[in-house]
Amino acid sequence: MKDTVEIRWHGRGGQGAKTAALLLADVAFSTGKYVQGFPEYGPERMGAPITAYNRIGSDRIRIHSNIYEPDYVVVVDETLLESVDVTAGLNPDGAIVINSAKKPEEVKEHLRGYTGKVYTIDARRISVAALGKYFPNSPMLAAIVAISGVIDRATFLKEMENSYKHKFAKKPDVIEGNMQALKMVLQEL
Amino acid sequence: MAIRERLSGNEAVSYAIKQINPDVMPAFPITPSTEIPQYVSTYISNGEMDTEFIPVESEHSSMSATIGASAAGARALTATSSCGLALMWEELYVAASNRLPVVLALVNRALSGPININCDHSDSMGARDSGWIQIYAENNQEAYDNFVQAYRISEHKDVLLPVMICQDGFITSHGVENIELLEDEEVKNFVGEFNPEHYLLNTKEAMAVGPYAVSNYYMESKKAQTEAMKNAKQVILDVAEDFAKMSGRSYGFFEEYRLDDAEYAIVIIGSAAGTTKDAIDEMRNEGKKVGLLKIRVFRPFPETEIAEALKHLKGVAILDRTDSFNAHGGPLGSEVTQALFNAKCTMEVRNYIYGLGGRDFKVSDVKKVFEDMEGLVTEGKEVEQYQYIGLRG
Amino acid sequence: MATDISKITEQSPWQDLTVGNQIYGSGTAKLFHTGEWRIAKPIFDSEKCTQCLLCTPVCPDSSIPVVNGERGDFDFDHCKGCGICAAVCPFDAITMKEGQ
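Protein chains in written order, with this note's numbering: chain A, 320 to 508; chain B, 1233 to 1625; chain C, 4 to 103.
Next up, chain A with everything else stripped away, as it sits in the complex:
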């Protein structure tokens, strides 16, 4: 029954974690999957810790509760590691990916004994190199796709290009920059 992959996103209001979760749902949907993408809503403001979720599977998803035992966790802002128990319930056969310039073994001390795989990706370096600005959500989206394998990489790139073309129809350089960021992450992971 558990062919559904569950992903939990931790970010700060304004960083695009919710948007990234919805984008992941979009892309997975376009590959024929059943999806859920939903944030946990409250009176959030810029900078407040927020959580968003994805369920992706090959059968219709009925459950409507939050995710307590995720297969994967994405941390969009590494400063959250101090204050939020990001590995709570995380499947030891799954993985966590953290936006950080540090090596995985350097962040491990904050992961409260999590025994599964730990990845880091320097979304700032990649985003600045590709886009000239710091938008962590595209690199982190590529990172979770690479690590979880919920979508085939080539399909992911094709669908993201379509999505960016639709969203940034009048800004071709933004499309190119975002695509560049995605490709850089896929190469690193």
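A hint or two may mislead.
Facing chain B, from chain A, some residues (calculated, C-beta under 7 Å) [claimed, not checked]:
(1) L341
(2) A344
(3) F348
(4) T350
(5) Y353
(6) V354
(7) Q355
(8) G356
(9) F357
(10) Y360
(11) S377
(12) R381
(13) I382
(14) T398
Some chain A residues near chain B, calculated using beta-carbon distances under 7 Å [to be verified]:
(15) H383
(16) S384
(17) N385
Hints listed in this document are in silico derivations from the structure and should not be mistaken for laboratory results. Every residue, glycine too, gets a C-beta built ideally from N, C-alpha and C.
Using the hints provided, position chains B and C relative to the given structure of chain A.
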């Protein structure tokens, strides 16, 4: 040909509104329903529909304008949540008693206080006796399908009552899920044109709407209103049958899930039913005979049908997403228990309050309820008649 | 459900009311003769009347007909005998008399 999409519940309802293209939509924003007037007004700006959108200064006005438009002869609707519905209080009764077939897209949210923006059913359950038909959804698909069926029910000559199409705030309204949409033409043909027999803008017939009724008329007019609510039962089933022919998706007053051979069942409304189904599958794998009755139509209340569906059970747990603060239960608990009593059913019945103000309702909560019920029946374990679940302390 | 409102009375059963108590027709207040309620009657003295028309707008039952800018005698089908017209008339052209 069904259109495969992924939409949030608010997007799904807005899409249904676009396809129906009603005449008038007055609206005032309130979380979490705000997106509905936003999407609709965007569709209008883009020339995809030509509904007259009226921005107003409050929900008292949005419902008043909806009533006025409907009385004038327009197909009208609005959307709201929580305190917005509360501010429409008087108008809800005016719409129902004047027998105006308006539709309200309600996105359920806790009604203050403490102030809270998340889901529970205290807003619509507070309005349960206002004379509106109430139809609830488990997911975005049902919210869409229910909305497409709404006008056929409300405008039926045997009914002529307003309809509230409810979905769970944030959980379905802002959650993106797969959905199958109908073609524009299919929806248009299904819903049809609104041709009221009497309307204020008819130049061939003068009329007055909403007259004062002295005591000698008042009670008779209320009896007529309650008969219309009874008539709505057959109309809801007929419309659902036509809808199933078009869409392949069947609806009734409620959905039974693994209920036939069940010994214990949960009765619940809304998005939590999906979570309950997953829990039931897990428990069935462990040999537990558990099932679900998910209420779709709360008004009119399908009393005899519910009792018939539940009569074979050993234990029934009725779960309310609001408290009646009557010190003995929630509204669904009261009404289902009454249905069972009237049908002379004597199984164990317990009432739980869950999910207030967006408190997450989990698979483990469902299991706890079933374990309670089984312990009560098989071991005589004490289970409070009415209790909160998912609570600290 | 009825549509002919002239057939609806306070004795009509619920099945015979219109949907939502809607009233099909206009000016239906004319059908209701409030003149029966009168216990004092205004008497119009056309000799004293200067046609100032102060009385017309204050009549709560529109029972002072004005034709070609001049008021005539009362519409006693609807005049309830409230006496407001007599009170506002500056020329004592209206006096109230007890009885129908």
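A quick look at each hint next to the structure:
no. : hint : verdict
1   : L341 : holds, 6 Å
2   : A344 : holds, 5 Å
3   : F348 : holds, 4 Å
4   : T350 : violated, 11 Å
5   : Y353 : holds, 5 Å
6   : V354 : holds, 6 Å
7   : Q355 : holds, 5 Å
8   : G356 : holds, 4 Å
9   : F357 : holds, 4 Å
10  : Y360 : holds, 5 Å
11  : S377 : violated, 11 Å
12  : R381 : holds, 4 Å
13  : I382 : holds, 5 Å
14  : T398 : violated, 26 Å
15  : H383 : holds, 4 Å
16  : S384 : holds, 5 Å
17  : N385 : holds, 5 Å
Comparing the model with each earlier hint shows violations of hints 4, 11 and 14; every other hint is respected.
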